[in-house]
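S.K.: Below are the chains, spelled out letter by letter.
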Amino acid sequence: MKKFVHDFIVISNKRLNSNHFVLELLSPEPLSTMEPGQFAEVLINGSQDVFLRRPFSIHNADRQKNTISLFIKIVGKGTHALSIVQKGEKLNLIYPLGKGFRLPAHEKILVVGGGCGIAPLLFLVHTLHDRGVKSDIILGARSAGDLLITQQFSRYGNMFLMTEDGSAGEKGLVTQHSMFSKGSFAYQTIFGCGPTPMLKALDKIATAFGIECQVSLENTMACGIGACLCCVVKTTTGNRCVCTEGPVFDTRELDGWYQPIAKCYR
Amino acid sequence: MRNLNIKLHDLDLRNPVMTASGTFGYGWEYEDFVDMNRLGGIIVKATTGSHREGNPYPRMAETAMGMLNAVGLQNKGIDYFVNEIYPKIKDYPTCVIANVSGSTVEEYEAVAEKMNGLENIPAIELNISCPNVKEGGMAFGTTCASAQSVTRAVRKLYKKTLIVKLSPNVTNIAEIAQSVADEGADCLSLINTMLGMAIDAEKRKPVLSTVTGGLSGPAIKPIALRMVWQVHKVVKIPVIGIGGIRNATDAIEFILAGASAIQVGTANFIDPFVTMKIVDGIEEYLDRHNVASVAELIGALRVE
Chain A
1 MKKFVHDFIV ISNKRLNSNH FVLELLSPEP LSTMEPGQFA EVLINGSQDV FLRRPFSIHN
61 ADRQKNTISL FIKIVGKGTH ALSIVQKGEK LNLIYPLGKG FRLPAHEKIL VVGGGCGIAP
121 LLFLVHTLHD RGVKSDIILG ARSAGDLLIT QQFSRYGNMF LMTEDGSAGE KGLVTQHSMF
181 SKGSFAYQTI FGCGPTPMLK ALDKIATAFG IECQVSLENT MACGIGACLC CVVKTTTGNR
241 CVCTEGPVFD TRELDGWYQP IAKCYR
Chain B
267 MRNLNIKLHD LDLRNPVMTA SGTFGYGWEY EDFVDMNRLG GIIVKATTGS HREGNPYPRM
327 AETAMGMLNA VGLQNKGIDY FVNEIYPKIK DYPTCVIANV SGSTVEEYEA VAEKMNGLEN
387 IPAIELNISC PNVKEGGMAF GTTCASAQSV TRAVRKLYKK TLIVKLSPNV TNIAEIAQSV
447 ADEGADCLSL INTMLGMAID AEKRKPVLST VTGGLSGPAI KPIALRMVWQ VHKVVKIPVI
507 GIGGIRNATD AIEFILAGAS AIQVGTANFI DPFVTMKIVD GIEEYLDRHN VASVAELIGA
567 LRVE
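Listed in order, the protein sequences are those of chains A and B. Counted the way the working numbering counts, the first sequence spans residues 1 to 266. Counted the way the working numbering counts, the second sequence spans residues 267 to 570.
These aren't lab readings, by the way, just hints derived from the structure by calculation. One or more of the hints may lead you astray.
[As the list claims (entries may be wrong)] If we take Cβ atoms under 8 Å as the criterion, some of the chain A residues that face chain B in the derived model are:
1) 43
2) 49
3) 159
4) 226
5) 228
[Stated by the list, open to error] What the simulated footprint calls covered on chain B by chain A, stretch by stretch (three residues with Cβ under 8 Å from a Cβ of chain A suffice, anywhere in the stretch; the number is not a length):
6) 287-294
7) 323-336
Bear in mind that the values here come from a model prediction, so they are computed numbers and not experimental data. Each residue gets a CB set at the ideal place from its N, CA and C atoms; glycine is no exception.
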């Protein structure tokens, strides 16, 4: 898939809570073909401290408006700089990057997102919905106030909510949802994104039910296009780049379980 | 039309702008962005005698105006390079140079000998300066004796243009440069990354899995410029300047300090078009200063 470098225009910068926001960006050219799960490398304008681009999953795309959106959690200098961009500003993006989710022919799909791991999943369920597939979606967070943009997800699938404190949906971690303990588990593919322990638990569930599980990984990156070899993850076939061989991996390929991102960098 | 051609020993480059090893992959990673017809040359990712997994994650840390890496020469080895990679890069419309590394003199020899047989690779860059491997790499580039021994061994069997890439992690770069030149190197490239370190204060842990790593980017440019100038003064062979170059002005500065050509590294990660912009900018500089050929600027620094 051809990659582009374009100056997108910020259409809106919507704060969702104290540390999450969504940028909607207008493309100067007709949007490229994109797979859900692919990402963009965003150049941070005019920051003294931020040297490298920052990778973000494509959160959603609107072909009629010619926009894409990025769902971002503020965790460091780069994401903080992006949180204060204004409408009308330009952001330089390299996109679409990486390999996205491989969509199966069947319709028995479960999508699981934890915390800011929902970032790539909205575009995924949107794309599935466009193909006539209404997936089941479990979204989880610490408490009700941290469950963000669930309404947008509900447009594309059947929602199941989980909170760690029980303030919305079932109480517990997403991977503790009651559907997993039932004898009848009808899914053939799980798509997931979230913290490492969640992905590990999803892998266990998939293994127990003998089904496929694709997860989107996050990593510190420099180039985003497979040149620097900085963003490797340990797999059964050795170190592989998250940027070009992922970010979506089948959990069966992962080895020595993937670690969370270094907060000081993002 | 200004003349951008540069001669590096036996290599005729269309312009002095090349890409640094480890920052441009094997070239195809940039195919959507860079027209290779416009580059002086590319130096592809380092090749070792056998497959190397590289270092564990985390391998990268962002720093003020730069980054640390600890990739550790991840590559699939020389045989894979010859059989799988060479056929895909041999017809690029630019000068393709291989970067050769190893843990022992014998490993450097073995890789260099196989590279010698590849018709469309007119030169190798001997990497005696990688700071991210436990054995070999930088260990060869930090004393005159070891730099000489590996250069001498490879020179005996490598018949084409031999470039030796120097480490900045030394007390006297000119001394190392001279001793490598004495052993028959045709060209020197400098600098490789500076040994550095990053700490995550919250976790009280090093950021990199290897604790230390190689610093690159604009942060090291003044050091690189100084070293190119020092080396150019003492050796008679051409010098390729590397270190934090991200625009044509930076490139011109290196050429004035004595570099015959330059390599662009980390800047490729931030702007994939940067090499072509530098070529345009050099031409514009020549116009503005009414200089007919970029070669006239090599070492043309006016020191009072």
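S.K.: Against chain B, run the beta carbon of residue 228 of chain A and see if the smallest gap drops under 8 Å.
M.R.: 6 Å, holds
S.K.: Mind checking the CB of residue 49 of chain A against every CB in chain B and telling me if the closest is under 8 Å?
M.R.: Interface hint status for residue 49 of chain A: holds (7 Å vs cutoff 8 Å).
S.K.: Just to make sure I understand the rule, a stretch counts as covered if three or more of its residues have a C-beta closer than 8 Å to a C-beta of the chain. Does the region 287-294 of chain B meet that for chain A?
M.R.: Holds: 4 residues of the region 287-294 of chain B have a Cβ under 8 Å from chain A.
S.K.: Report holds or violated for chain A covering the region 323-336 of chain B, Cβ cut-off 8 Å, minimum 3 residues.
M.R.: holds (count 12)
S.K.: Does residue 159 of chain A pass the interface hint, meaning its C-beta sits closer than 8 Å to a C-beta of chain B?
M.R.: Hint violated; residue 159 of chain A Cβ to chain B Cβ min 34 Å, cut 8 Å.
S.K.: Given residue 43 of chain A as an interface hint, is the shortest Cβ-Cβ distance to chain B below 8 Å?
M.R.: OK, holds: residue 43 of chain A within 8 Å of chain B, min 7 Å.
S.K.: Does the nearest C-beta of chain B fall within a distance shorter than 8 Å of the C-beta of residue 226 of chain A?
M.R.: 5 Å, holds
When the structure is compared with the earlier hints, a violation turns up for hint 3 alone.
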